[in-house]
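Residue numbers (the numbering used here), protein chains in the order written: chain A, 0 to 255; chain B, 0 to 255; chain C, 0 to 255; chain D, 0 to 255; chain E, 0 to 255; chain F, 0 to 255.
Worth flagging that the hints you see were computed from the coordinates, not collected in a lab.
Check before you lean on any hint, since a few could be wrong.
Identical chains blur together in the list; that is why a pair holds if it fits in one copy or across any two.
To be verified - Here are the simulated lysine to any residue pairs, SDA-like style, with alpha carbons at most 20 Å apart:
1) Lys231 to Ala51
2) Lys231 to Pro176
3) Lys183 to Ser1
4) Lys183 to Gly13
5) Lys231 to Ala54
6) Lys231 to Arg175
7) Lys183 to Arg15
8) Lys183 to Met0
9) Lys183 to Pro10
10) Lys231 to Leu174
11) Lys231 to Glu55
12) Lys231 to Leu181
13) Lys183 to Glu14
14) Lys183 to Asp211
15) Lys183 to Glu11
16) Lys183 to Pro34
17) Lys231 to Ala50
18) Lys183 to Asp6
The structure presented is a predicted model; accordingly, all values stated were derived computationally and were not measured.
6 protein chains.
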Amino acid sequence: MSRRLEDLSGPEVGERITDSSIIVLPIGAVEQHGPHLPLAVDHVIAHEAAAALVAEYGDAHDLWLLPTLSISKSNEHAWSPGTLWLSATTMLSVLDDIARSIATTAARRLVFLNGHGGNSALLNVACREIRLDHGLKTFLVHPFVPADHGGESPEAELGMGIHGGHQETSVFLHLRPDLVHLEKADRAVPAALADNAHVKFGGLTSFGWLSDDFFPEGHIGDPTTANAAEGKELFETAVRLLGEQMAEIATFDFGR
Amino acid sequence: MSRRLEDLSGPEVGERITDSSIIVLPIGAVEQHGPHLPLAVDHVIAHEAAAALVAEYGDAHDLWLLPTLSISKSNEHAWSPGTLWLSATTMLSVLDDIARSIATTAARRLVFLNGHGGNSALLNVACREIRLDHGLKTFLVHPFVPADHGGESPEAELGMGIHGGHQETSVFLHLRPDLVHLEKADRAVPAALADNAHVKFGGLTSFGWLSDDFFPEGHIGDPTTANAAEGKELFETAVRLLGEQMAEIATFDFGR
Amino acid sequence: MSRRLEDLSGPEVGERITDSSIIVLPIGAVEQHGPHLPLAVDHVIAHEAAAALVAEYGDAHDLWLLPTLSISKSNEHAWSPGTLWLSATTMLSVLDDIARSIATTAARRLVFLNGHGGNSALLNVACREIRLDHGLKTFLVHPFVPADHGGESPEAELGMGIHGGHQETSVFLHLRPDLVHLEKADRAVPAALADNAHVKFGGLTSFGWLSDDFFPEGHIGDPTTANAAEGKELFETAVRLLGEQMAEIATFDFGR
Amino acid sequence: MSRRLEDLSGPEVGERITDSSIIVLPIGAVEQHGPHLPLAVDHVIAHEAAAALVAEYGDAHDLWLLPTLSISKSNEHAWSPGTLWLSATTMLSVLDDIARSIATTAARRLVFLNGHGGNSALLNVACREIRLDHGLKTFLVHPFVPADHGGESPEAELGMGIHGGHQETSVFLHLRPDLVHLEKADRAVPAALADNAHVKFGGLTSFGWLSDDFFPEGHIGDPTTANAAEGKELFETAVRLLGEQMAEIATFDFGR
Amino acid sequence: MSRRLEDLSGPEVGERITDSSIIVLPIGAVEQHGPHLPLAVDHVIAHEAAAALVAEYGDAHDLWLLPTLSISKSNEHAWSPGTLWLSATTMLSVLDDIARSIATTAARRLVFLNGHGGNSALLNVACREIRLDHGLKTFLVHPFVPADHGGESPEAELGMGIHGGHQETSVFLHLRPDLVHLEKADRAVPAALADNAHVKFGGLTSFGWLSDDFFPEGHIGDPTTANAAEGKELFETAVRLLGEQMAEIATFDFGR
Amino acid sequence: MSRRLEDLSGPEVGERITDSSIIVLPIGAVEQHGPHLPLAVDHVIAHEAAAALVAEYGDAHDLWLLPTLSISKSNEHAWSPGTLWLSATTMLSVLDDIARSIATTAARRLVFLNGHGGNSALLNVACREIRLDHGLKTFLVHPFVPADHGGESPEAELGMGIHGGHQETSVFLHLRPDLVHLEKADRAVPAALADNAHVKFGGLTSFGWLSDDFFPEGHIGDPTTANAAEGKELFETAVRLLGEQMAEIATFDFGR
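Make the full structure from the sequences, and use the hints.
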């Protein structure tokens, strides 16, 4: 049985979607990822992670998949032709429109499954707006939490591998090896940034950056050590962690 | 070789996309289509038609596919939970953002391949806005022109079969037979409307309508006669016609 | 007795406007029409057609005239100083504001009588928005349907006479001969466009265009053969057709 | 020779409109004016005053008339069906769009000739926005300055006659006697307001008000004493004063 | 006891704020005031006047102070780096947001105490919008009414002293003598403007202006004669007048 | 010498503000903080921390203070009258307007010093928007990083003390003891939330919440143990950490 909302008919939505259903919106991006990776990276990862999540845990937690939002807020890569990006206000409107639509179903839980770190802050904003404006319980999960939002990055990248680096390239070698040009990959680790105590990815001080602020190639990290085996493990761990999170989301209540 | 823009890397966009390239954005919808069809109908048709078009004619006319915009302006179905819809202003912003992004590449031609009739008027507006604001040549094509925009509808439907009727259901039986519940289909043809000389789909007078203005089921047409064989023929004809249109678009100039 | 809404007092609106009343908003434009016609063409035609319509059919169908919206979405002529134009979003807001106002009266039918083809797509959008947001029955009629929206254009113009051509100039020679400079008129027919099978006015493929994309003069058609006699006939036919449409609008119901 | 901008052709705009031209936009309103006056009052007065102004002083100061903006910001009368009103943001957008259009001509002076007091504050705002954004010299003039913007009001009305009172009704008896129902007029003077030292029309304290805050009839003033003779004098004085203002506007420079 | 709303806890708001409470929002500006005065002038004056007002009259009229809105619509000074300004639409949104918040308390009266003349027109607009949208009684008061809004200006300045002139500089010498550089002050009176009968500050014709339209220094008036003693008197008179206005506002009703 | 930008005159801005200057915008909030704390908490903390920071480190790093933005995005407390809040889009506009203003000075570094956790995500968004749109280097720092953005919270609060809890109350006891009603404080720790592995403040899963989702009192944490001594230490540590961050910001470059 399909767990894609769009595979239901109108009347079936009324029967199948209940207040225990969790609606999952995968959010990708189409944006430059350096010379070794295609624009599709975040799009593919969000899509594949969501598909695997629903395949493994869909029945357990009554998960329902929306079509992946392929294009999102990638303006840190606006300098690179081929990057497609929504402005912050457009993206907020899209999310509000989708949430306003979901709020007419019986479902009360909406999850953003976000594959693009550049969206995370805005999605956090949207979680609150939608909670207030449409009364839904809203959640934000990531297959891979970006280092600039508190996630981990390998030591070899000095903790600064956040875009097209070792981990992301490894995962992509696992998911779409045909689209990876590892021979074009080079190391692009902002060592000066890593030296900072506060102003760095994951540091106490956040800062606005564009992906060409650091290197002209556009990736930030070291893809040269990437490999499919590690990618497979990372991906499977990510899906398992997403499943754990869905389990909590399914029963989450504020306790009041 | 892939003809999806997102499968290119940033540097490859600079090499592969030229001023002879045609960028194709498939536009679908997630909206009720009566009790016999899933919400995904327009989404699937736009996606499949675009894929077939690019597979057959991509090299001939240098076509490049963007990810399908799955959710669009479906507010005539807002009454039916499960329908996901962008407001008119959100949708204009999304299209403007995408066009603004494409305008930084070398491509000068942007085609909206639209599977949802409810978008057609707005896409016509967007074609002009983008031509003026971003200098692109813009085009709007349909796999199936809706009857309320001048397209044909079988006589048995009195020319009023515009949503989930004989043709659309036939095409879907061809593309996704597993998702069609023909046993739930009934005839829903607004005969009184067809009797009008002017105020009807395709008539001299346009009018605002919501899909539950006519029948509570939400489809408009007669799906009971639908069959996969006719759907196959319709689909193949549509793809061939799209191919013909691309041939003209590829060499189109205003002649000035 | 006046049939202009604005000639009523507030209390009279409560008495005279009922749920059988039809509110008619004429929509014109102030935009270049080539060297032989004034900017006022669409403004005048919409205004005169609406006045004639209400004079002849106002009592029969309880028609009420709003002041003509003289300035509208003419951005295809933005290159020509003197053209006055509202952006798409401004125009949508204006229409929404007017509809929101009308919805507080007892009238339930609002007709856009549009003299400028550049508005047609946007007005189609507005018809639906207003139907959903304010509950009005909304209609779009034209004195002359532009060829790029399915209307006719003389064969001598290869079907491409859509702006300041034979028909429009003829009508204007009938309505305001003093404002026509026929001696400055020349033939401006985009023959290459007419040769296309699909990408042309009224073809299967819509496209974004600006009026100086074709010829530097700004009109599109052949005004050199225009004459007042034919204009008179065209105008009278148009008014009669508008009357017929009002008759259907007056009794129109969705049939549910 | 016509002095309506819209009567020019595109090429004529290039010849006739120069940097000494003054563009005049009459701004009216369609809004309730009590039981004795039609909705059209401000619309008619702005239109007639502008027409008289241009007829008498057009050649002297190179004045060019735009079509009257009939519907404007009348939300203080939103409670009364028949009132048509633009929101503040819509109205700002309309004015910006018109100014942006005018700025492409050679003219550098744009005058708002405003017949509706409810617009005055917003037009003051627009004057500055347009000066900064489009570089035009902008001016705001009134045929009759409303008492709540520093204008005069007869003593018999305690200085509070600002809407449908003695003066406005008199002027309308002069311009459109057929549309006045003096027999329905009654005195509606907010005496308590007039007793205030500061919080009153023209007082030190401005305040937000709706026209039904004072009396249910909707006018504010005493129309019972109105007469056409006084209206004629008021109107002619107004036109003469507008002429004087145009003379100064024509040569106005900031002196830097 | 504090009369700052922000010094209350949430539950105390429910107890202390009643329908007789008057909420006062001081509105300043950060904008150039010529070479002799700091950017803070309007900010300080609004803040100090509001503080004095509440100190003297707070208990009598149940006044409650909001934090001063320090940055507002100063776009006439946009040319001068250091000026901080909100656009007209941003400012309208800020005021609407604040009013929407206040409307959830028991208070029904909201007063804008405005120190910057460039805001006055927009605040007049906001007074009406808020009255209609949130049902509050709204008021606009000034410590000093600018000459271009009907206030007085000394004869020595030809009535044109509206920004950084004799009076404002005097008041600032009283409030913050340490921040005044009188030795840098020069006379900047637009004499040509004063010669006009209509097009001048306080004249019949309003006009759009930027502060560098007149003089490159940016102030408009004659600060060279300013002195603290006169400033003290002006300030104390202003506070007394504000107190009188609050007394009327406290009991103000429309009389219906 | 003052280090408030607003204390400079226009010409002084040109002299004193250089490309080594750091502009600091303190951002507070006026929002409910439970029964024991005033609405002003975040406003006061941001203001005082910024003042202390500039007093101690202003000369060392060329810091310049803007007026505190007192009202910000507090919509999680919208349910509590007295809370004043800007919508997300208003707040983005305010920040963009201020950044657009700052970008006309010679300064290239803009720091948001944020006292309200509800702003953090939106400020992260703004940092990027401003970097792209105005070319400024943008930074976000906090006196106290909220636990839901990765900051610490005492164990006694189970790590869930994020609003009006032990730490914030302690700091406020240090800064404004007169405004604290510790006798009204009670423990409000969402123990069920703390039990979660992922869906909790600082957990892997972010979620949208309103402050009354947990407890009707509106605070989240345990203020009963708060004391001024600890508050003093926390505050001084915060200021020292802010100083360290400014040192890095002063020399920060992307390294390209």
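Evaluated hints:
1. Lys231 to Ala51: Close inside one copy (13 Å), not across copies (32 Å); limit 20 Å.
2. Lys231 to Pro176: within (12 Å within a copy, 34 Å between copies)
3. Lys183 to Ser1: between (40 Å within a copy, 19 Å between copies)
4. Lys183 to Gly13: between (51 Å within a copy, 15 Å between copies)
5. Lys231 to Ala54: within (17 Å within a copy, 31 Å between copies)
6. Lys231 to Arg175: within (11 Å within a copy, 32 Å between copies)
7. Lys183 to Arg15: between (48 Å within a copy, 17 Å between copies)
8. Lys183 to Met0: between (42 Å within a copy, 19 Å between copies)
9. Lys183 to Pro10: The answer is between: 11 Å across copies meets 20 Å, while 51 Å in one copy does not.
10. Lys231 to Leu174: The answer is within: 8 Å in one copy meets 20 Å, while 33 Å across copies does not.
11. Lys231 to Glu55: Result: close within a single copy only, 16 Å intra versus 34 Å inter.
12. Lys231 to Leu181: within (17 Å within a copy, 42 Å between copies)
13. Lys183 to Glu14: Only across copies: Lys183 and Glu14 sit 15 Å apart there, 51 Å inside one copy, limit 20 Å.
14. Lys183 to Asp211: Close inside one copy (18 Å), not across copies (46 Å); limit 20 Å.
15. Lys183 to Glu11: between (49 Å within a copy, 12 Å between copies)
16. Lys183 to Pro34: So Lys183 and Pro34 pass the 20 Å test inside one copy only (6 Å; across, 52 Å).
17. Lys231 to Ala50: Only inside one copy: Lys231 and Ala50 sit 15 Å apart there, 29 Å across copies, limit 20 Å.
18. Lys183 to Asp6: Only across copies: Lys183 and Asp6 sit 15 Å apart there, 40 Å inside one copy, limit 20 Å.
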